[in-house]
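Sequences and hints are given; from them, build the entire structure.
Respectively, the protein sequence lines represent chains A and B. So the first sequence is residues 53 to 460, counted in the numbering used here. So the second sequence is residues 53 to 460, counted in the numbering used here.
The hints are simulated quantities; they were obtained by calculation from the structure and are not laboratory data. Among the clues, some could well be false.
The list treats identical chains as one, so a pair stands whether inside a single copy or across any two.
Stated by the list, open to error - Each computed DSBU-like pair below joins lysine-lysine, with the alpha-carbon atoms no more than 35 Å apart:
id : residue 1 : residue 2
1  : 408       : 281
2  : 220       : 419
3  : 220       : 255
4  : 224       : 446
5  : 208       : 457
6  : 281       : 419
7  : 411       : 281
8  : 418       : 255
9  : 408       : 220
10 : 127       : 61
11 : 247       : 227
12 : 224       : 457
13 : 414       : 220
14 : 363       : 61
15 : 281       : 414
16 : 446       : 266
17 : 220       : 411
18 : 227       : 440
19 : 419       : 446
Number of protein chains: 2
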Amino acid sequence: MSLSTQPYKGTRDFYPEDQRLLNYIMWCWTEVVESFGYEQYNAPMLEPIELYSAKTSEEIVNEQTYAFEDRGGRKVTIRPEMTPSVSRMVAARRQELSYPLRWYSIPNVWRYERPQRGRLREHWQLNVDMFGVAGIEAELEMIQIADAIMQRIGAKRTDYEIRINSRKLLDKRIKASGVKSDVASVIRIIDRYDKTPRDDIVKMLATVVDEPEKLLKSLEQDGPSAEVKQLQDRLEALGITVVTTETLARGFDYYTDIVFEVFDTDPENNRAMFGGGRYDGLVGAFGAEPVPTIGFGMGDVTLANFLQAHKLVPALSCETDLYAVLIGDVYDAAQAPITALRQADITVAVDSTGRKLDKQIKAADKKGIKHVLFVGEEELASGTYRIKNLQTGKEEALTIPEIIKQLG
Amino acid sequence: MSLSTQPYKGTRDFYPEDQRLLNYIMWCWTEVVESFGYEQYNAPMLEPIELYSAKTSEEIVNEQTYAFEDRGGRKVTIRPEMTPSVSRMVAARRQELSYPLRWYSIPNVWRYERPQRGRLREHWQLNVDMFGVAGIEAELEMIQIADAIMQRIGAKRTDYEIRINSRKLLDKRIKASGVKSDVASVIRIIDRYDKTPRDDIVKMLATVVDEPEKLLKSLEQDGPSAEVKQLQDRLEALGITVVTTETLARGFDYYTDIVFEVFDTDPENNRAMFGGGRYDGLVGAFGAEPVPTIGFGMGDVTLANFLQAHKLVPALSCETDLYAVLIGDVYDAAQAPITALRQADITVAVDSTGRKLDKQIKAADKKGIKHVLFVGEEELASGTYRIKNLQTGKEEALTIPEIIKQLG
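Now the structure itself:
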């Protein structure tokens, strides 16, 4: 029996054309966050299971982690998110690090979910975190970065909406409606407000608070806190319009104050794309002195869906500049000019099959390589090579320095 | 009880200074392989367990994989190597792809091993593979690339040695010495030839072949095959000296012909760093038409050890160009000039703590950021900003366009 050629359920193979789009997304992320002074870090993909039991949402830990025992009996988890790992790393060097600390990472994160549009079992997720700034300037910067990324990928301001809220305000209103068990379980219900009929939310809330209708009305009608309003005004002055949304909760248990979320306004794809918020307590969970912290995460799958929905996927072509077509048995002799081209930063693939010329040219065309370079004994003797642009059909005879000048 | 700040055993946290070295290594890899026309691909980190049972070495599958059952009862493995995944991907699109196919990837791969120098439980591994070339030009190109990478990282030709052999020749000699069970188990013993006393190798061989001493002598004395000799000669003509080594085996079961390995010649670090070879049979294992294939893998841990041993680690500095020191309450007003700098590709971190100037400057210095930019009400009104080089102490008063000109 032969082996299956399919990737594991809910995951993706990245063929070169898929990888190019992922690289484009990662490049946009990196350019923007580095322009704000963020430095890259990474952590291992496996972490001890306890790392998530503390503060990640119950649903993720109990139902969605890839958790198992290693051959030495250690309980480990493939990271479902990066926030616990980065908090662990900062806690480990709490005293030595220089604040404000601006860090980013693009880990591959895994959750056991039912695969659906915008949600796979793995995705690449930009994580942007700032440690050491208690003031609202940290919130300003996070939302500036989120907005700058949307601008960098070519989105119009009407294509997305940034919503902000305060967990402190939520907490206060939840507590005023008579919490039966814990605030976290109320927040988990409010987190579903957007996707669930209001009546169902009321029914669910009735199991955890004394006055569900009063709570919901206060969220819907009583407006934002002074802090949220101030953040909105200061962002507006910087040219970034945000919407205060008192029902916005975010799923994770670790948020402590301002939270924000970026929504796609396209009616076909109307959903939260990414978000983040302040989580001042996490570094302290490792026994280190607490540090004010804020961050957000942004996945490649939802962003690629956004690019597709808004027709923002750029034309991305093969990175190879030249395809060397060999005429006769000249593989070894062709290496000198080809190496000279490579050393001048021209990328060159060689056809080393020995097949007929037309088949060699067809291969270059199929790969999307723009130019073919003909190399035979005559060319090697004269130092002049025919080069053909496969898109225009134009052919020229050029020396290696001339080719370097033209393509380099 | 607080959570541990340590990463999982045998793995690494990459703080920004560690990540910079890894990025440097990845950048060298990418530059070289793309110059040879290789395109990047990737595959999921989890694969069905059967993928490795077929052709990866027995030791890896039985003792070193991170294998477990997912929540749906599927048996999966965190990839211990990339070759089975890339073969699966090529098999899935065997007819549509255009050959020769040149693909590379830099996956994170995992093995459950006892952590030791040069061997951790995870590493980042460059994988370079070519599909569709049966001729020895494929071997030539693989070894050219391996050599070009060593050159690109600054190694002298005397710092490393490239060894080549033929699995076909090994097979022939093994069969001539009376195989008791299977050739693969003989190869696994020969693979340890370099690290094991000769007497022990003879004893081990006695359990699997009739004439262990005859076999070993033939490997030690009878020289290379004509094909290996030809490869050596053609590489020599291209300026790359390789050593024919008839005891060279490589661990994986899937190799079918030429294999090669790159050794560190430093007496302190004398070990195989990386290698590869031809594995023509793997795509066919997925029920697709077989395709001639060759490839190699190269890990970041052994390469970093090599860089350290040969003092080739470059000075890598913080990517942030400017640290904006704020004088007074000017955070919002400072955003316009700072955004202008960022849009001109100057990376700027802002001190948003509101602390004293000397503390802000000290933070920039500790982070290794070369320049500080002073922004206060006076500067904002005049449009002229003091900029200080923290390495030379030199201070200038410049407009934003002048700063862009100087640092851009």
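Verification of the hints:
1. Within a single copy, residue 408 and residue 281 get their C-alpha atoms only as close as 71 Å, which misses the 35 Å cut-off; across copies the closest is 28 Å, which meets it.
2. For the identical chains of this complex, residue 220 and residue 419 are inter-copy neighbours only, at 33 Å across copies versus 55 Å inside a copy, given an alpha-carbon limit of 35 Å.
3. In this assembly of identical chains, the alpha carbons of residue 220 and residue 255 lie at most 35 Å apart only when taken from the same copy (24 Å versus 72 Å across copies).
4. Taking the shortest alpha-carbon separations for residue 224 and residue 446, neither the intra-copy value of 71 Å nor the inter-copy value of 52 Å comes in at or below 35 Å.
5. For a Cα distance limit of 35 Å, the shortest separation of residue 208 from residue 457 across copies, 30 Å, qualifies, whereas the shortest one inside one copy, 38 Å, does not.
6. Proximity of residue 281 to residue 419 under the C-alpha cut-off of 35 Å is restricted to the inter-copy arrangement: shortest distance 34 Å between copies versus 53 Å within a copy.
7. Within a single copy, residue 411 and residue 281 get their C-alpha atoms only as close as 66 Å, which misses the 35 Å cut-off; across copies the closest is 31 Å, which meets it.
8. In this assembly of identical chains, the alpha carbons of residue 418 and residue 255 never lie at most 35 Å apart, being 58 Å within a copy and 54 Å across copies at closest.
9. For the homomeric pair residue 408 and residue 220, the shortest alpha-carbon distance between copies (30 Å) is at most 35 Å, but the shortest distance inside one copy (72 Å) is not.
10. In the homo-oligomer, the alpha carbons of residue 127 and residue 61 lie at most 35 Å apart both inside one protomer (23 Å) and across protomers (12 Å), since each shortest distance falls under that limit.
11. In this assembly of identical chains, residue 247 and residue 227 lie within 35 Å of each other by CA distance solely inside one copy; the values are 24 Å within and 68 Å between copies.
12. In this homomeric assembly, residue 224 and residue 457 never come within 35 Å of each other (Cα to Cα): the closest approach is 67 Å inside a single copy and 52 Å across copies.
13. Taking the closest pair of Cα atoms, residue 414 and residue 220 come within 35 Å of each other only across two copies (34 Å); inside a single copy the shortest separation is 63 Å, beyond that limit.
14. In this assembly of identical chains, the alpha carbons of residue 363 and residue 61 lie at most 35 Å apart only when taken from the same copy (28 Å versus 45 Å across copies).
15. With identical chains, the CA atoms of residue 281 and residue 414 are at most 35 Å apart between copies only, with a shortest distance of 34 Å across copies and 61 Å within one.
16. Taking identical chains as interchangeable, the C-alpha atoms of residue 446 and residue 266 are never at most 35 Å apart, the minima being 74 Å within one chain and 63 Å between chains.
17. With identical chains, the CA atoms of residue 220 and residue 411 are at most 35 Å apart between copies only, with a shortest distance of 31 Å across copies and 67 Å within one.
18. In this homomeric assembly, residue 227 and residue 440 never come within 35 Å of each other (Cα to Cα): the closest approach is 73 Å inside a single copy and 51 Å across copies.
19. Taking identical chains as interchangeable, the C-alpha atoms of residue 419 and residue 446 lie at most 35 Å apart only when both belong to the same chain, with a minimum of 19 Å there against 52 Å between chains.
Hints 4, 8, 12, 16 and 18, counting from the list given before, are not met by this structure.
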